[in-house]
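Peer 1: The residues making up each chain are set out below.
There are 2 protein chains.
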Amino acid sequence: MHAFETLSEKFSAQFNRSHFPAEPSSLYQPNEYFLKLGGKRVRPVLCLMGNELFGEIESDAWHVSNAIELFHNFTLIHDDIMDKAPLRRGLQTLHTKYGESTALLAGDVMLVVAFDYLNHIGTQFIHRIIRIFNQTAMKVCEGQQLDMDFEKRNEVGLDEYIEMIGLKTSVMLAGSLQMGAILGCAGERNQHLLYEFGRKLGLAFQVQDDYLDAFGDPGKFGKQVGGDIISNKKTFLQIHAWEVADSSQKEELLFLSQNNDPAKVERTLQLYHDCGADEWTCRLKDKYLDEALAHLEDIAVVSKRKEPLKELAHYLVQRQS
Amino acid sequence: MHAFETLSEKFSAQFNRSHFPAEPSSLYQPNEYFLKLGGKRVRPVLCLMGNELFGEIESDAWHVSNAIELFHNFTLIHDDIMDKAPLRRGLQTLHTKYGESTALLAGDVMLVVAFDYLNHIGTQFIHRIIRIFNQTAMKVCEGQQLDMDFEKRNEVGLDEYIEMIGLKTSVMLAGSLQMGAILGCAGERNQHLLYEFGRKLGLAFQVQDDYLDAFGDPGKFGKQVGGDIISNKKTFLQIHAWEVADSSQKEELLFLSQNNDPAKVERTLQLYHDCGADEWTCRLKDKYLDEALAHLEDIAVVSKRKEPLKELAHYLVQRQS
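Top line first, the protein sequences correspond to chains A and B. Position in the first sequence (first residue = 1) + 60 = my numbering. Position in the second sequence (first residue = 1) + 60 = my numbering.
Be aware that one or more of the hints could be misleading.
A pair counts as met if it fits within one copy or between any two copies, since identical chains are not told apart.
[Stated by the list, open to error] Capping the alpha-carbon separation at 25 Å, the derived lysine-lysine pairs in DSS-like fashion look like this:
#	residue 1	residue 2
1	Lys293	Lys144
2	Lys96	Lys212
3	Lys96	Lys280
4	Lys324	Lys144
5	Lys212	Lys157
6	Lys212	Lys144
7	Lys144	Lys157
To be clear, the hints were calculated from the coordinates, so they are not data collected in a lab.
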């Protein structure tokens with residue numbers, strides 16, 4: 061039984077190496093650059109933790125974890141192209157540094173290498189793991205498409221937003237845990253409960269993400285604070301504020317979203333606060349966290365084995381960066 | 061034993077249906093659109109033919125063929141974005157019709173669905189097939205990157221060009237045949253010979269492609285004749301002409317490539333002809349075809365079983381569209 065930090069270090073120790081051939085370097089060097097940008101490695105470690113909840117970590121779990129982390133980086137590379145994002149973890153995004161065509165292709169080949177890690181899984185589990193992996197991968201793409209669709213709309217309902225976040229963020233956390241559980245020979249019921257734990261945790265995670273993007277400490281938060289407001293992204297804050305705003309507040313929110321006022325971020329934040337959106341997101345986050353933990357509680361393994369996941373859940377929703 | 065046309069019809073009969081969920085339609089409808097543009101389905105049928113060379117067609121071969129065709133379409137969607145191509149088979153490319161972001165994502169999800177077909181392969185073959193599939197997929201990406209690298213250079217050697225074409229075009233033909241052979245329980249030597257047949261056939265195929273793009277009959281050829289010349293693509297014709305041109309011809313070739321002369325295509329074609337590049341490509345194509353057929357000849361199965369592949373090889377290098 062290991063804590064998240066320990067497994068994260070173990071994971072990085074074997075992941076932080078080259079995953080690509082040397083040539084052509086015009087294709088693979090960009091991939092190496094991107095992977096060196098790092099990250100929290102939450103998803104692959106969730107797979108390891110999902111596995112360890114039910115027993116010793118299987119060697120297959122490392123292959124699946126590598127596949128998950130490469131898949132996640134593939135989505136980041138392509139999302140950055142679609143979002144025209146200049147920076148990732150404070151450094152140039154792949155397309156900014158190497159051009160869009162190379163970034164597109166580097167993402168493609170990273171996905172192929174991710175699939176190749178799955179081909180190391182033994183006969184007993186390969187079909188089940190690839191099925192969950194692919195289902196998850198498709199949902200992540202669907203979530204990204206919905207996210208882009210929403211950017212073109214003035215109004216998005218909370219239910220629709222939760223559905224999109226569920227696809228874009230939650231399923232990968234949930235799926236990573238479930239794949240670990242499968243390798244740990246967990247039964248269907250335990251798999252399902254762990255999946256639901258991950259899904260709710262993903263929602264709580266996203267609430268915190270949206271909150272930090274608006275109200276985070278610029279010194280701690282890795283990205284530009286107010287980035288979502290500047291690019292008119294739908295967020296939990298934006299959707300709640302829009303739902304409860306009175307007509308003059310609505311008018312101002314609409315005006316701010318349609319114009320590049322220099323005080324756009326500041327004024328939008330004030331409106332979010334006036335609408336109580338900041339407090340509301342804190343309550344919503346706690347609700348999702350409680351629901352996640354209730355699912356974890358129900359899993360039929362001794363409580364002690366659940367401690368690392370419980371700790372991680374608390375950390376992820378309280379993080380400041 | 062079936063001829064290419066028969067297998068192509070059989071393949072299309074089971075392939076021409078929806079491969080995607082209905083929702084979100086903003087993501088999956090573009091995929092359906094693109095697949096309806098059709099195509100010769102050469103690669104998936106090569107897998108079926110590679111399989112039938114050694115016995116009855118296995119049910120797994122259909123799954124692999126579907127994966128191959130979806131992979132091929134994924135590469136076309138992304139290549140069209142990179143090449144900024146407006147048309148594909150006379151109709152709008154995906155990014156022209158639906159925007160680049162959706163095209164990028166539609167390609168991504170098509171690759172995932174391709175991998176999902178591979179997950180239908182039985183335990184006996186799944187690891188070997190996925191290994192070849194992924195090796196092939198990576199090489200195709202490498203070939204596309206080299207192709208883009210070459211566009212930025214004035215001079216590309218014939219050897220480099222052949223290496224690039226080998227990756228971008230030949231390996232997929234060769235790999236498709238090999239995957240079929242594996243499912244037919246072919247031995248290593250037969251697999252290797254069939255792979256080499258496919259590789260040389262791919263080179264002959266590309267020679268014909270380059271020739272048709274320049275000297276094809278506009279009434280029969282599906283794309284814009286002279287397209288490669290207009291976009292300064294490296295081709296067998298361009299590389300040979302550059303190699304044998306005298307200094308004044310070289311000067312004119314360079315001038316034409318750097319300027320948008322209205323007579324660019326016409327004058328370049330005249331130079332290719334003056335340099336004997338058109339005749340040279342016909343001889344080169346025959347050389348590759350002969351080499352391909354010699355490999356086919358060496359495969360240890362009765363000649364009769366090789367007839368459909370032999371016929372297909374002749375057809376592919378003589379085709380006018």
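Peer 1: Each hint: holds or not?
Peer 2: Here is how each hint holds up against the structure:
no. : hint               : in the structure
1   : Lys293 with Lys144 : within (13 Å within a copy, 28 Å between copies)
2   : Lys96 with Lys212  : neither (33 Å within a copy, 28 Å between copies)
3   : Lys96 with Lys280  : within (20 Å within a copy, 50 Å between copies)
4   : Lys324 with Lys144 : within (20 Å within a copy, 36 Å between copies)
5   : Lys212 with Lys157 : between (28 Å within a copy, 17 Å between copies)
6   : Lys212 with Lys144 : both (15 Å within a copy, 24 Å between copies)
7   : Lys144 with Lys157 : both (12 Å within a copy, 20 Å between copies)
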